[in-house]
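J.: Below, each chain spelled out in residue letters.
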Amino acid sequence: MPAPDTRRTSWWTSGAPWVWLNAGAVGLSVAAVLGLVGLIAARGLAHFWPAEVLEIVHDDGTGRASVIGELAGIEFADPELLPDPGSGTPVERRLIKTGNRRVNAPDFRWLDRAAIVSERRPADLVVFERMEWGNAYGRLRGIFEHEDRVVHGSDAQAWTALQQRLARVAALREEIADLQASTIDSINYELEELRLERRRRALDGAGFDLDWRERSLNEEYTRVEARLMDLVRALERDAVEVEIMDGRRVRIELRDVLRAWRPNAMSRVEQITHYMASLWDFLSEEPREANTEGGVFPAIFGTVMMVLIMSVLVTPFGVIAAVYLHEYARQGALVRLIRIAVNNLAGVPGIVYGVFGLGFFVYLVGGTLDDLFYPEARPAPTFGTPGLVWASLTLALLTVPVVIVSTEEGLARIPRAIREGSLALGATKAETLFRIILPVASPSILTGVILAVARAAGEVAPLMLVGVVKLAPALPVDGNPPFIHLERKFMHLGFHIYDVGFQSPNVEAARPLVYATALLLIGIIVVLNLTAIMLRNRLEGRYRFIEG
Amino acid sequence: MATERKDPGNDRAASDGPAAGGVDGAPASPERETPCLEVRDLSLSYGGVPALSHVSLTIPRRRVTAFIGPSGCGKSTLLRCLNRLNDLIDGVRVSGSVTLNGMDIYRRGVDVADLRRRVGMVFQQPNPFPKSVYENVAYGLRLQRGIARSEMDDRVEWSLKSAALWDEVRDRLNETALELSGGQQQRLMIARAIAVRPDVLLLDEPASALDPISTLRIEELIHQLGAEYTIAIVTHNMQQAARVSDYTAFLYMGELVEFGNTDGMFLNPAKQQTEDYITGRYG
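The listed protein sequences derive, respectively, from chains A and B.
Letter by letter, the first sequence follows residues 1 to 548 of my numbering.
Letter by letter, the second sequence follows residues 549 to 831 of my numbering.
Misleading hints may appear alongside valid ones.
Unchecked claim - One side of the interface only, derived from the structure: several residues of chain A facing chain B at Cβ under 8 angstroms: (1) E420; (2) L423; (3) G426; (4) R542.
Source of the hints: derived by calculation from the structure; they are not laboratory data.
Even for Gly, the Cβ is constructed at its ideal location relative to N, Cα and C.
One chain only, chain A, in its complex shape (with noise of 0.2 angstroms):
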């Protein structure tokens, strides 16, 4: 009689490792996540908090010299690599961020630790944020009105003068830039417009009875002109002497300031205040040099309009696409071939549709609107340039097979029983789908529609090509009708970073705001998608089948 089989199972047979080995890269990925937004996180959002201003005293050998500035980093320099390489240990080395641009020569500077003489942080420093060519660094000596000095020293009163003049300087500057928008803008979109207007007569062959509306514009034009001055030379009125780091006195008129702080001084309330104040200013302020200052509003709105028109479009193509191969078309190979074909689609590089949607879109789409409806621009294009319109139309293109891919398995996971329910009682295929299968099929489109938004708010490479510039002059929207202007170019965040990280005059500056650009452009993909999980999840649960 032979034994019974008998088989110990070992712990590598028992399954286990897989286990683990599965646990582990779940375990890896999510670490790799949280790491990289923990990490674009705390550069990100480190940029806005009030850092500590340092007078150090180094000696570089031919003198003692004091240098004022944020420290930007620490790094330890090989020094095989330094051109004397000294005791062959790693050399400390500070970055210091100087600012001061125009008047010092480099604004980062690095400091050996061994050069350092003394690092303290004097209360009385103080940093302006200045409107052009960064922050400034010094103390402050006194204030002027034109050319006369009204405030001397930099005490307690000399400093609440100075903040005085800033809100009052910061609400003339509103006051212009409100005169600006509402008024001058569309007084020029208008004149724009007659302009057109004359073109469009003259080509038609009608009367010119245009002059009289002219008129009243262009001296409705002065008159506002002439206010606009008055206000600009109030807001030249004020000036401050500083002294910075190697003890010269410059001069900064207040009208290019936008803020100033002693970081060293503030209390923990102060510091706070002030960050959510720039936390604030970055998200609601356009850009200011060449993009490395200022905030990102125009990149927000940009992204998210594209994005919201791209699902306005993508939705109904996909949808329609998906109903026809799933219901209406003879399953076949055919269909195969262009179930397979839009499969691929997904693959194409972005760059690609980048080139078709110039091609067909831009040029041969919007030229051809153009002759048809905008013949007085001409030679000046109105949508055969790129623009919001075409972004979108591209990006729709990019992202319709997810679409359709992912209503095409909503389609098929209702069960048959349920269709033929319908059609026992009289309904007829059209009324079927749209009231049962397209109710019943409305999450999965939705779950298409969330990987579309999260694959267009990611890609930039095509938008470089079908309308997104480094600034633009205006938002697509704005009070002049007909208040949405798709043909315009905008800004976009994924574009942004770009460009403010590989393409701006002072990389060491912007490094930050890449990475609070990054911060945000995650924020607002998570945002939208999660605006689209929980529509989602409010269908599903409507329409949950019991099991079975």
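Go by the hints and put chain B onto chain A.
T.: Using the frame of chain A, we list chain B on its own:
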């Protein structure tokens, strides 16, 4: 003979007169009834594989006709020919004719949606729409435009009462139908089918997915509905066929073997094949 039928349907059979059940001892034959659906020489193949061949039978008006036979014999296929639900399957070829009240339903130009409204169907598995109880019943009514809100309410209530479901769902009309029990769902399916007032009701093994108590309730319901509707029911349960039907058709391998009065057929089958099947020798 009639004593064999141990179910409440006896009342109806008794009150309905001699034609229905043979209480007077004279078995009725389907040919003597008023015809509702006439199937003539019907053959059907799926992609070249024959499923029905040369089936001819007459389904009488306001009677319950059962189709029995072993799995794969074509009884469901035959049922689905009666409302042209087989049209949805690719590669189906049909020859012969089916007439509903004298009109050939396979003629060109027939409004299939209207045909299906007149020939309602209940499936093996309850297939409620993912909507409320009310909307499930009102679905067919909403397809016919111009039914006022109040009339809609009346029709839904009437349908649910006819399907013996009203008392159980009157307080949850706006809750989803997916939460009902299997038996309730199947009665909801019957309510949904009769809401559009069809002439014919096709039942495709309506109780096969249900527990014995729910099955009993469905059978009672079929009996009651049999007085007003022409019913064709597919079942693999011969006791059920014997309990609920007036006439029975036995199909085997796509062919109609025997068709006649249920009592007559179960007590005294004309063919050996039928006798083998109903006595459980194969199937």
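J.: Find the hints from earlier in the document that the structure breaks and name them by number, from lowest to highest.
T.: none
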